[in-house]
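Listed below are the residues making up each chain.
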Amino acid sequence: MIYLEKRPQPAKALSYFTPVLAVLITMVAGGLLFAVLGKNPVEAIRTIFWDPVFGEFAFYYRPQLLVKGGPLILIALGLSLGFKAGIWNIGAEGQYIMGAVAGAGVALALYPLEAWWIFPLMIIAGALGGWAWAMIPALLKVKFGTNEILVSLMLVYVAENFLKAMAIGAMKNPEGFGFPGSRNLQQYPSAHNTEVIAGSGMHWGVAAAFIAAIMGYILLNRHMLGFQIRLTGEAPRAARFSGVNPGRLVLFCMGTAGALAGLAGMFEVAGPAGQITTGFNVGYGFTAIIVAFLGRLHPFGIVLAGLLMALTYIGGEAAQSTMQLPAAAIQVFQGMLLFFLLAVDVLTNYRIRITLGEAA
Amino acid sequence: MDISAINPALLLASLMVASTAVLIAAIGELIVEKAGVLNLGVEGMMITGAICGFIVAVTTGSPLLGFVAAAFGGAVLSILFAVLTQFALANQVASGLALTLFGLGLSALMGQSYVGIKPPSSAKLDLPVLSDLPFFGKVLFSHDLMVYFGLALVAATWAFLKYSRAGLILKAVGENHDAAHALGYKVIRIRIMAIMFGGACAGLGGAYISLIRVPQWTEGMTGGVGWIALALVVFASWKPWRVLLGAWLFGGVTVLQLNLQAAGIAIPAEYLSMSPYLITILVLVIMSFDRSGAPASLGRTFHASQ
Numbered sequence: 180m181i182y183l184e185k186r187p188q189p190a191k192a193l194s195y196f197t198p199v200l201a202v203l204i205t206m207v208a209g210g211l212l213f214a215v216l217g218k219n220p221v222e223a224i225r226t227i228f229w230d231p232v233f234g235e236f237a238f239y240y241r242p243q244l245l246v247k248g249g250p251l252i253l254i255a256l257g258l259s260l261g262f263k264a265g266i267w268n269i270g271a272e273g274q275y276i277m278g279a280v281a282g283a284g285v286a287l288a289l290y291p292l293e294a295w296w297i298f299p300l301m302i303i304a305g306a307l308g309g310w311a312w313a314m315i316p317a318l319l320k321v322k323f324g325t326n327e328i329l330v331s332l333m334l335v336y337v338a339e340n341f342l343k344a345m346a347i348g349a350m351k352n353p354e355g356f357g358f359p360g361s362r363n364l365q366q367y368p369s370a371h372n373t374e375v376i377a378g379s380g381m382h383w384g385v386a387a388a389f390i391a392a393i394m395g396y397i398l399l400n401r402h403m404l405g406f407q408i409r410l411t412g413e414a415p416r417a418a419r420f421s422g423v424n425p426g427r428l429v430l431f432c433m434g435t436a437g438a439l440a441g442l443a444g445m446f447e448v449a450g451p452a453g454q455i456t457t458g459f460n461v462g463y464g465f466t467a468i469i470v471a472f473l474g475r476l477h478p479f480g481i482v483l484a485g486l487l488m489a490l491t492y493i494g495g496e497a498a499q500s501t502m503q504l505p506a507a508a509i510q511v512f513q514g515m516l517l518f519f520l521l522a523v524d525v526l527t528n529y530r531i532r533i534t535l536g537e538a539a
Numbered sequence: 009m010d011i012s013a014i015n016p017a018l019l020l021a022s023l024m025v026a027s028t029a030v031l032i033a034a035i036g037e038l039i040v041e042k043a044g045v046l047n048l049g050v051e052g053m054m055i056t057g058a059i060c061g062f063i064v065a066v067t068t069g070s071p072l073l074g075f076v077a078a079a080f081g082g083a084v085l086s087i088l089f090a091v092l093t094q095f096a097l098a099n100q101v102a103s104g105l106a107l108t109l110f111g112l113g114l115s116a117l118m119g120q121s122y123v124g125i126k127p128p129s130s131a132k133l134d135l136p137v138l139s140d141l142p143f144f145g146k147v148l149f150s151h152d153l154m155v156y157f158g159l160a161l162v163a164a165t166w167a168f169l170k171y172s173r174a175g176l177i178l179k180a181v182g183e184n185h186d187a188a189h190a191l192g193y194k195v196i197r198i199r200i201m202a203i204m205f206g207g208a209c210a211g212l213g214g215a216y217i218s219l220i221r222v223p224q225w226t227e228g229m230t231g232g233v234g235w236i237a238l239a240l241v242v243f244a245s246w247k248p249w250r251v252l253l254g255a256w257l258f259g260g261v262t263v264l265q266l267n268l269q270a271a272g273i274a275i276p277a278e279y280l281s282m283s284p285y286l287i288t289i290l291v292l293v294i295m296s297f298d299r300s301g302a303p304a305s306l307g308r309t310f311h312a313s314q
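Protein chains in written order, with the working numbering: chain A, 180 to 539; chain B, 9 to 314.
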């Protein structure tokens, strides 16, 4: 008979190992999926995980790794704070959109003025846009005890509609021949989110993501607030007795997550995407949830997980063009990863015991 | 704009249709939550049901078989969640999210070659005499079978929870799983059955959208209805009849805003499309004053110690 025995404490070594294990299992399961779809599984896995980094065209793909990884890391870092404390903000996609709209709004309002302060102002606006959007579920949670999961998610759909309204309405390019979508910010030097190092893919958003990871680490390990976040997640009652104000924590975690998601959106719209369009958001806000868990809610783990997830995006696109692998297959792949991750986590928290015969 | 173009009888009739998908899915989730499990994967199970039902209905030409397949598909997907939360003891919130992300991807993959196809149409159950009644005939008695199935499901769930022994056990498991375990009830087994029932219902709800409501297949076509179903359960304070009320409210708002769009009201369509979600938030806020109905063990992991 097999049964689970709770470990007194989660196994530390295993908690580093389980994400790797989950990735490996996902590769095997993904290979099976690709085989079912009639593709050579080994070739598919190589195209997705190996070629973009080490293959012939790696020079093209490597910068993409940072471009796609940046927003994922930025959003996941914010989400991880809340997840640690048991606060479930799953509406990062909406906060990402609102940050982009706010940031682009500033730029479009000032166009064609050229000044050094425009880009910094956009950064502030982007962060505020995401923050404000996240404050709605946060305040409702603190004031009325409303479920933050559902409210933050509903607001994603509201934000998507708002984005559409902006792309075909207020922010539409007056010189765009009637097509939906705003002016392209890449052609507006003061507002363009340029690469810090040319050709590296490292735009200001990626730099912000790395800075945020370091600040996140310091917050969680060296600051009282970070301790309170961890304490609330692990022992909510103990946290309350020790004087942690749960409401303030909700506001802080949701607000930070919203601001970081908003920043990610703003950097995206001013850089790689370039303009507000109806299909601007591509699901980074949801994929970041997987990134946060894959990174074990640890800032540096999230950086690695974000890059890995970016790799599945890039490799997935490569496999789409070279092997005609359907786009949705990658989405399934990413979903599977979270599944296996949660499943193998049982190993860190429980010991598997096998006894012969009837257990008493 | 011409408000008078909106016919109240037609509006109420389409309200019944618009509320059915969310109603069936929410009733399923209600049973799951009554057993103490929070499955946030409703959206994923719905969309999987939508495509499973669509594929089978198109291939066999029978909408009925399509609905059966949808229920089956939703239930199979929910088993993943059950294994994760009941055996691997994973966090229910995270597992539910995983289910939704996975379901959205899986359905997109399954449905690639079904975009733009029309499914076989479902027969309307025109009740003789009754459907000829003025006003009420149109509103109540000229719908497809699933509308009545949804209403019957509400009644059956209410009776099951209130009068049956099995319903009582289910509630006991949801209120206090340790006590239920001590009494000898198989907590894990009961919860898995509840989760599968929830999955089947979500699948049916999804298929209602792809086979009757829209009817065609597009990626991500459930558009948050699964999440609204989750919100309805909270709104209803875990009571079946109030789920029905909530579903009608949601269906009413959806239909009304579509009618207003068609009537050419001066508000842009995008803002009107927000209204069902905004109303849901508003309702959630109002209902958060009343926490009495929530099962006490909701979302907590059960692990029987030796």
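Rather than coming from a laboratory, the hints here were simulated on the basis of the structure.
Ideal Cβ positions, reconstructed from N, Cα and C, are used throughout, including at glycine.
Hints may be right or wrong, so weigh each one.
[Unchecked claim] Covered stretches of chain B, going by a simulated chain A footprint (3 or more residues, C-beta under 8 Å):
| hint | segment |
| --- | --- |
| 1 | 76 to 84 |
| 2 | 96 to 102 |
| 3 | 182 to 191 |
| 4 | 217 to 225 |
[What the hints assert, rightly or not] One side only, chain B facing chain A, incomplete, derived with CB under 10 Å:
| hint | residue |
| --- | --- |
| 5 | Ala17 |
| 6 | Leu18 |
| 7 | Val25 |
| 8 | Val66 |
| 9 | Thr67 |
| 10 | Thr108 |
| 11 | Phe110 |
| 12 | Gly113 |
| 13 | Tyr122 |
| 14 | Gly124 |
| 15 | Ile125 |
| 16 | Ser129 |
| 17 | Met229 |
| 18 | Gly232 |
| 19 | Tyr285 |
Structure-based check of all given hints:
1. 76 to 84: With 0 residues in contact (Cβ-Cβ under 8 Å with chain A), the coverage given for the segment 76 to 84 of chain B is violated.
2. 96 to 102: Answer holds; 6 residues pass the 8 Å Cβ test.
3. 182 to 191: violated (count 0)
4. 217 to 225: n = 0 at 8 Å, threshold three: violated.
5. Ala17: 29 Å, violated
6. Leu18: The hint is violated - leucine 18 (chain B) has no Cβ within 10 Å of chain A, the shortest such distance being about 25 Å.
7. Val25: 21 Å, violated
8. Val66: This hint is violated: valine 66 (chain B) lies away from chain A, its Cβ roughly 18 Å from the closest one there, beyond 10 Å.
9. Thr67: 18 Å, violated
10. Thr108: Holds: closest Cβ of chain A sits about 8 Å from threonine 108 (chain B), inside 10 Å.
11. Phe110: 3 Å, holds
12. Gly113: Because about 3 Å separates glycine 113 (chain B) from the closest Cβ in chain A, which is inside the 10 Å limit, the hint holds.
13. Tyr122: 12 Å, violated
14. Gly124: Hint on glycine 124 (chain B): violated, closest Cβ of chain A at ~16 Å, above 10 Å.
15. Ile125: 17 Å, violated
16. Ser129: Serine 129 (chain B) check fails; min Cβ-Cβ to chain A is 27 Å, beyond 10 Å.
17. Met229: Status violated, d = 13 Å.
18. Gly232: At about 5 Å, which falls below the 10 Å cut-off, the nearest Cβ of chain A leaves the hint on glycine 232 (chain B) intact, so it holds.
19. Tyr285: With a minimum Cβ separation of about 4 Å from chain A (threshold 10 Å), the hint on tyrosine 285 (chain B) holds.
Of the numbered hints given earlier, the model fails hints 1, 3, 4, 5, 6, 7, 8, 9, 13, 14, 15, 16, 17; all others are met.
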